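These protein sequence lines map, in sequence, to chains G and A.
Sequential numbering from 1 applies to the first sequence in the working numbering.
Sequential numbering from 1 applies to the second sequence in the working numbering.
Read the hints as simulated data drawn from the structure, not as lab findings.
Treat the numbers as computed from the prediction; the structure is a model and nothing was measured.
Just so you know, even glycine gets a beta-carbon here, dropped at the ideal spot from N, CA and C.
Incorrect hints may have been included.
To be verified - Derived pair list, reagent style DSS-like, types lysine-lysine, alpha-carbon separation capped at 25 angstroms:
| id | chain 1 | residue 1 | chain 2 | residue 2 |
| --- | --- | --- | --- | --- |
| 1 | A | 68 | A | 42 |
| 2 | A | 68 | A | 57 |
| 3 | A | 111 | G | 83 |
| 4 | G | 42 | G | 78 |
| 5 | G | 57 | G | 83 |
| 6 | G | 42 | A | 111 |
| 7 | A | 22 | A | 58 |
| 8 | A | 68 | A | 58 |
| 9 | G | 42 | A | 71 |
| 10 | A | 58 | A | 71 |
| 11 | A | 111 | A | 68 |
| 12 | A | 68 | G | 83 |
| 13 | A | 42 | G | 78 |
| 14 | G | 42 | A | 42 |
To be verified - If you want the ones that stay clear, here's a sample from chain A, every Cβ over 12 angstroms from chain G, calculated:
| id | residue |
| --- | --- |
| 15 | 13 |
| 16 | 14 |
| 17 | 45 |
| 18 | 51 |
| 19 | 61 |
| 20 | 62 |
| 21 | 65 |
| 22 | 67 |
| 23 | 69 |
| 24 | 83 |
| 25 | 104 |
Said to hold, decoys possible - Distance ranges between label pairs, derived from CB positions:
| id | chain 1 | residue 1 | chain 2 | residue 2 | range |
| --- | --- | --- | --- | --- | --- |
| 26 | G | 52 | A | 82 | 41 to 51 angstroms |
| 27 | A | 79 | G | 72 | 24 to 34 angstroms |
| 28 | G | 114 | A | 40 | 15 to 25 angstroms |
| 29 | A | 14 | G | 78 | 42 to 52 angstroms |
| 30 | A | 107 | G | 85 | 34 to 44 angstroms |
As a plain string of letters, each chain reads:
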Amino acid sequence: EPEVTQTPSHQVTQMGQEVILRCVPISNHLYFYWYRQILGQKVEFLVSFYNNEISEKSEIFDDQFSVERPDGSNFTLKIRSTKLEDSAMYFCASSYTGTGSEQYFGPGTRLTVT
Amino acid sequence: GENVEQHPSTLSVQEGDSAVIKCTYSDSASNYFPWYKQELGKRPQLIIDIRSNVGEKKDQRIAVTLNKTAKHFSLHITETQPEDSAVYFCAAPPYQGGKLIFGQGTELSVKP
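Please model the complete structure; the sequences and the hints are all you need to start from.
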């Protein structure tokens, strides 16, 4: 069964550094999402992406964040200047249609900002 | 604004008992209600979902009920087993968009 994959599984970075989290969504899916989960808390929506552009973003997704689909398979989340409070698990998800359709989650990238 | 409330936050049951987790949502346009199971350190995995045109859906020991008038939906797990122990999240899209708003999660512990 196809799966969403993410790399790296764990990223440690110093405050102020840039990080890029990578995701490979399921190949025939058209909608892509990033969520984050601070340890012990609920999953929070960051951004959705369709047709090569952002379709919606949350308040968390400020100017420090950006997303890109550089080629036909990868979907990346960049944090330009990391803060301590960016430490969390970041999940990529994809779905075939945008609404009422199962979202398949990747295994996550644990980001630790020191 | 968009909100999904989930209760209880923790639930402990004996093996073989039933477990019920409840969620309420705020946006009456929501039409899709998935439930995810998350084991420690793992990804959320969909276990069951329901759409607004039905009131109940069952898959073996798991069932979900939906009350659109009251804007709440519930997860029912019967004959619980220790491997059901995990955190369960409900979710809803706030309108016709794709993003999911998650509840706060319920940590289910099934004691042998």
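Going down the list of hints, with the structure as the test:
{"no.": "1", "hint": "A:68 <-> A:42", "result": "violated, 31 angstroms"}
{"no.": "2", "hint": "A:68 <-> A:57", "result": "holds, 14 angstroms"}
{"no.": "3", "hint": "A:111 <-> G:83", "result": "violated, 40 angstroms"}
{"no.": "4", "hint": "G:42 <-> G:78", "result": "holds, 22 angstroms"}
{"no.": "5", "hint": "G:57 <-> G:83", "result": "holds, 19 angstroms"}
{"no.": "6", "hint": "G:42 <-> A:111", "result": "holds, 24 angstroms"}
{"no.": "7", "hint": "A:22 <-> A:58", "result": "holds, 16 angstroms"}
{"no.": "8", "hint": "A:68 <-> A:58", "result": "holds, 18 angstroms"}
{"no.": "9", "hint": "G:42 <-> A:71", "result": "holds, 20 angstroms"}
{"no.": "10", "hint": "A:58 <-> A:71", "result": "holds, 19 angstroms"}
{"no.": "11", "hint": "A:111 <-> A:68", "result": "violated, 33 angstroms"}
{"no.": "12", "hint": "A:68 <-> G:83", "result": "violated, 41 angstroms"}
{"no.": "13", "hint": "A:42 <-> G:78", "result": "holds, 22 angstroms"}
{"no.": "14", "hint": "G:42 <-> A:42", "result": "holds, 14 angstroms"}
{"no.": "15", "hint": "13", "result": "holds, 21 angstroms"}
{"no.": "16", "hint": "14", "result": "holds, 25 angstroms"}
{"no.": "17", "hint": "45", "result": "violated, 7 angstroms"}
{"no.": "18", "hint": "51", "result": "violated, 6 angstroms"}
{"no.": "19", "hint": "61", "result": "holds, 20 angstroms"}
{"no.": "20", "hint": "62", "result": "holds, 15 angstroms"}
{"no.": "21", "hint": "65", "result": "holds, 18 angstroms"}
{"no.": "22", "hint": "67", "result": "holds, 18 angstroms"}
{"no.": "23", "hint": "69", "result": "holds, 20 angstroms"}
{"no.": "24", "hint": "83", "result": "holds, 19 angstroms"}
{"no.": "25", "hint": "104", "result": "violated, 5 angstroms"}
{"no.": "26", "hint": "G:52 <-> A:82: 41 to 51 angstroms", "result": "holds, 46 angstroms"}
{"no.": "27", "hint": "A:79 <-> G:72: 24 to 34 angstroms", "result": "violated, 45 angstroms"}
{"no.": "28", "hint": "G:114 <-> A:40: 15 to 25 angstroms", "result": "holds, 23 angstroms"}
{"no.": "29", "hint": "A:14 <-> G:78: 42 to 52 angstroms", "result": "holds, 48 angstroms"}
{"no.": "30", "hint": "A:107 <-> G:85: 34 to 44 angstroms", "result": "violated, 24 angstroms"}
Checked against the numbered hints above, the structure breaks hints 1, 3, 11, 12, 17, 18, 25, 27, 30 and satisfies the rest.
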